[in-house]
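Assemble the whole structure, with the sequences as input and the hints as a guide.
Okay, here's what each chain looks like letter by letter:
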Amino acid sequence: MNELIQNGISNLNTPGILFFVLGFVAAVIRSEIKVPDSIVKILSIFLMMAIGFKGGFEISKNGFEGNLIYSIIISFLIGVITPTIVFFTLIKLLKGDVINSGAIAAHYGSVSVVTFITAITFLDRSGIKYDGFMVGMMALMESPAIFVSLLLVNLFKKTYSSETSFFDIGKEALFNGSIVLLFGSLLIGFITGTKGYELTSPFFVHPFQGVLTLFLLEMGMIAGKRIEEFTKVGLKLGLFALLFPIVNGIIGSSIAVMFGIGLGSATLFGVLAASSSYIAAPAAVRLALPEANPSYYITMSLAITFPFNIILGIPLYYSLTSMLQNIIGAL
Amino acid sequence: MNELIQNGISNLNTPGILFFVLGFVAAVIRSEIKVPDSIVKILSIFLMMAIGFKGGFEISKNGFEGNLIYSIIISFLIGVITPTIVFFTLIKLLKGDVINSGAIAAHYGSVSVVTFITAITFLDRSGIKYDGFMVGMMALMESPAIFVSLLLVNLFKKTYSSETSFFDIGKEALFNGSIVLLFGSLLIGFITGTKGYELTSPFFVHPFQGVLTLFLLEMGMIAGKRIEEFTKVGLKLGLFALLFPIVNGIIGSSIAVMFGIGLGSATLFGVLAASSSYIAAPAAVRLALPEANPSYYITMSLAITFPFNIILGIPLYYSLTSMLQNIIGAL
Amino acid sequence: MNELIQNGISNLNTPGILFFVLGFVAAVIRSEIKVPDSIVKILSIFLMMAIGFKGGFEISKNGFEGNLIYSIIISFLIGVITPTIVFFTLIKLLKGDVINSGAIAAHYGSVSVVTFITAITFLDRSGIKYDGFMVGMMALMESPAIFVSLLLVNLFKKTYSSETSFFDIGKEALFNGSIVLLFGSLLIGFITGTKGYELTSPFFVHPFQGVLTLFLLEMGMIAGKRIEEFTKVGLKLGLFALLFPIVNGIIGSSIAVMFGIGLGSATLFGVLAASSSYIAAPAAVRLALPEANPSYYITMSLAITFPFNIILGIPLYYSLTSMLQNIIGAL
Amino acid sequence: MKKLEIIIESVELSKVIKAIEKVGVRGYSLIKDISGMGKHGKSVSTSLVDVNEYNMLVIVDDEVKINQVIEKVKPIIKIYSGIMFLSDAEIISC
Amino acid sequence: MKKLEIIIESVELSKVIKAIEKVGVRGYSLIKDISGMGKHGKSVSTSLVDVNEYNMLVIVDDEVKINQVIEKVKPIIKIYSGIMFLSDAEIISC
Amino acid sequence: MKKLEIIIESVELSKVIKAIEKVGVRGYSLIKDISGMGKHGKSVSTSLVDVNEYNMLVIVDDEVKINQVIEKVKPIIKIYSGIMFLSDAEIISC
Ligand SMILES: Nc1ncnc2c1ncn2[C@@H]1O[C@H](COP(=O)(O)O)[C@@H](O)[C@H]1O
Ligand SMILES: Nc1ncnc2c1ncn2[C@@H]1O[C@H](COP(=O)(O)O)[C@@H](O)[C@H]1O
Ligand SMILES: Nc1ncnc2c1ncn2[C@@H]1O[C@H](COP(=O)(O)O)[C@@H](O)[C@H]1O
Ligand code: NA
Ligand code: NA
Ligand code: NA
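Chains as they are written, first to last, in the working numbering: chain V, 1 to 331; chain C, 1001 to 1331; chain Y, 2001 to 2331; chain H, 3001 to 3094; chain B, 4001 to 4094; chain W, 5001 to 5094.
Derived from the structure by calculation, the hints contain no laboratory data.
Glycine included, each C-beta is placed from N, C-alpha and C at the ideal position.
Treat each hint with caution, since some may be false.
What the hints assert, rightly or not - Here are the computed distance ranges between Cβ atoms for each label pair:
1) Y:Met2258 x C:Arg1125: 42 to 52 Å
2) C:Lys1232 x W:Lys5032: 21 to 31 Å
3) V:Leu93 x W:His5040: 49 to 59 Å
4) W:Glu5071 x C:Ser1165: 44 to 54 Å
5) C:Ser1126 x Y:Ala2330: 56 to 66 Å
6) C:Leu1068 x V:Ala330: 47 to 57 Å
Structure representation (structure tokens):
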């Protein structure tokens, strides 16, 4: 417990988290720090390239130390189980509102790249190891939950007004830019190895934490602007967005621990399960479920769950995973 | 004198100043190097984050070596005295044109971030120390002069057509993005200390001079495009924009020296007093004084005073401050 | 031959080339990685500043080791000979279509900055020296071929519908942004020497390869989107775009070798001759030859010749230059 | 001749363009990066998500063609978000 | 129905939008990043300053509403810079 | 009064603006970064090249002035790419 608090404070006391808070506050007091859209987009591309590239390089250096097959299985399990639980919980909470339940399930089943990156930073700082291929697992986990959620909506709802076919959404989900970029960079990092790493690390590796800091400032502002819509979301969904990540995090970590995955990677599985998507899922859901309310899913994911996860969630999931390991190890 | 010339030449012979000149020349010969707006905006945010962060780190390392209380007083004194002098001088020069006198006074009373950064670079290169909290003083000096100028206009002009209330302008000025960003970064640099610094210095510190160089290229182009409007400004105001910074610089340095501030920080007070705003002031003045001519205040501040200050002004203010110290020290 | 294949593979096995391929594939499978326009523009400016600055610094360090006068002569020879040969070849191929032949000749006679940079990276990796002023030669070679091509069109075509005078195009070509930026940066790198270099190398030099990698990802996507227009270009011009660079490359290298230029710089002359413009030439040609088909010249230059050159061409031109040196040396 | 202005969310843009091209109009123009307010409230786009990002398509053509476009685009707008404005305009033939 | 196009400086944009919302129109669209020429000469904006950066607001609504908007916006434009265009247009109901 | 909308390629923009200024209109507005489809097919601009990047110029003025602008701009559009739309509109005087 003591350790948890200490980890929490040490996580808070990093430039990234503090700049996120600064951005949030700036947006709330309507102080205009106008970060151009194009910058947010390129920083997001940079972070994915860099994280993928570094993961690939680490695999090339250390080989597949952890259990890749198990990890792939875990990824799919989380991608099926978490959106399903979210869906049925929300059906209860929203009194049978299938569409919005499915829309939100797609977001909480999918993952957030920046939450993952912040978790990696936390692990690096704490000196805890994790598998280089975890970035690949993240890419794997982006789409399945979206499919599962749409399927659930289809099962429970007869009238379905979208003009977009499942096929179109499938294509979009599989060849989604972020998936291609993450896997591509992973592969390139793996292929070019140490030589490639040395050539480009002054761009992809050294300034990475600083770039993340700038990105989090912007994320803070985006979240802070969204928070005004909190009233539209309402208390029920607001609390859901705050608390359900913990449920998902425990599910993710537990599955990973049961498969014997190490502390670092299992923590990351917890973080991925707990994280919610705010790029891939909204785009797909807007197309497939036009009647769903974007104010719900975007605000919950971006303005509540994301801040919670990066500020308090990550150290929490780490402590929980460590506890789970002790419990399951003792069995 | 010899030293002044040498300093001037050494200041000229830096990539930043030379790229500024290149940008200026490129704009004048209408050679299109199109730097996108979004880049100018993000570089400006980067420079403020970085300079604030570094200032905060230095305070965390060295403590408040200089006299913080005195420095705050000096900041306010400069923020009241310089716009007032500018206002009454211009009232004479412009034959009672209260509106434009007030508009221009707001600009010359307020400060320029990039001029400050260029001065810091100059001091660093020359090995002269200054207080880490000076970046906070710059943030403090952004708004007061704008208020003082609007107040002066209000006092001397009965009909006042703006629909924007003083309250609105006050809010805008206090929660201005740059002020929040500068103070926030300062605080974060202070809180995260050496750890935060080491994590992010490959992004915020190492490439800083290079980023400044790119930014100055763009500033050169902006200034070069503006210079076409020189004819609208006229010789009288043109000369004012060229010479009055020296008056303000002497005022700023003198006050600082009289309070016993060291050479580095006193030079920076001179530079801040001499510098004129081209972001915060234009936005506030456009709202509060709609009849004022933007061609006057923007062209003077951006295309005349700014180039003068960074090319010739900074070494000049340094020499003057050093002289003032000798004179006042001898008293 | 063995060495050629090895060089080719080692060239392929770099992050830059692999990210180019990734971008290309992503575009072809319509996976949207949206790189904002403004980023492409600023990266292009960055690369020109950095390459110019570094060239200037190297001259300041090593002096004019190679033969500058000869190099200038070679630049102009290539700028006259290659567009002329392209023009007459195309006149044959396109059955007398003077306009489109001239338009394409302007592109293949002019040069590509990124191809040049990729070649430099190749030489650096292989430890082969070249002259610092070669970046200046590149800047010199941008415009002459455009003039020569327009002149040829004028000679062979009486009706000429453009409203844009030769004078206008001349001004545009001489004061073209990229020429001013390249020469300006070269000059600044030369003037500020080691001091300037040390100050700004964490921005201009260390991350250079990484930035190039990001830029090539984007170039890959641009090329991949263009390739759809391949059908408009047709097989004849498609093959021309693939094969004629080799002809031009041999011409460029041969001339350089005959003037006694060293292996590195002679390879670069070959690369410059083989490369085709996709920024300066399209803009000038669109103005001067409005009836020419942009689908031809842009697709050929950007989507066929550029990828060929950076992936296979550069190691090929290097091997050819080395062979030519042996042959001519033996004479 | 008629001018039709279609305001449509980014996620639906390619679908609308395909519909227009199927009708076979003389041409269309696209203005990106529109925001605004309508039946669905104020558009609150963020640079991270495409949702709530609008575009304006402008088409000037014969009334018949424009009517065909309207019929094609109506159902898309009905399900999603957006609006269409119709007015008179002439193409200046050069 | 009427279409009103308002061209207004960025610094005044939020004020105009508030005025429009007070009137209670069906909707409006915003096109950012306009430049141009008018009574105040050529707009010379720089990426550093918001001054002289224009926007176009488009509103299609009943004539009564549009007239109310016009009356609200007139004094703002009078003091600052900008212009309004009025024309006929119909909303296609979906 | 008349509203003229000119869609023109970036490379030709400065020429058209000069022509408009020569006529001496009250004002004009410029919307950048337009894409679309027309007689020359779909515009395929890349961020690297200006070619195929369009702009919309909007001018509201008296019919006489607008006709003068049309005559000046016609030959430019004829040689290059672009189109003009003419419609009715009023300037709201403030
Ligand atoms: N009456 C209107 N006038 C102008 N733009 C409108 C109007 N109604 C809707 N819009 C635009 O269409 C978008 C979507 O409208 P809606 O689907 O009704 O929320 C809004 O965000 C506005 O940009
Ligand atoms: N007659 C006009 N036609 C089109 N746009 C205009 C016209 N007059 C003014 N504008 C636009 O409104 C802005 C401000 O106009 P003004 O306040 O008259 O200088 C100009 O920069 C133009 O963008
Ligand atoms: N009928 C039309 N309606 C709207 N925009 C058009 C139309 N025709 C052409 N355009 C615009 O004008 C550009 C150039 O047209 P064109 O020169 O005919 O290829 C196109 O890319 C469109 O943006
Ligand atoms: Na999740
Ligand atoms: Na000042
Ligand atoms: Na060439």
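Structure-inconsistent hints, enumerated in ascending order: Those not satisfied: there are none.
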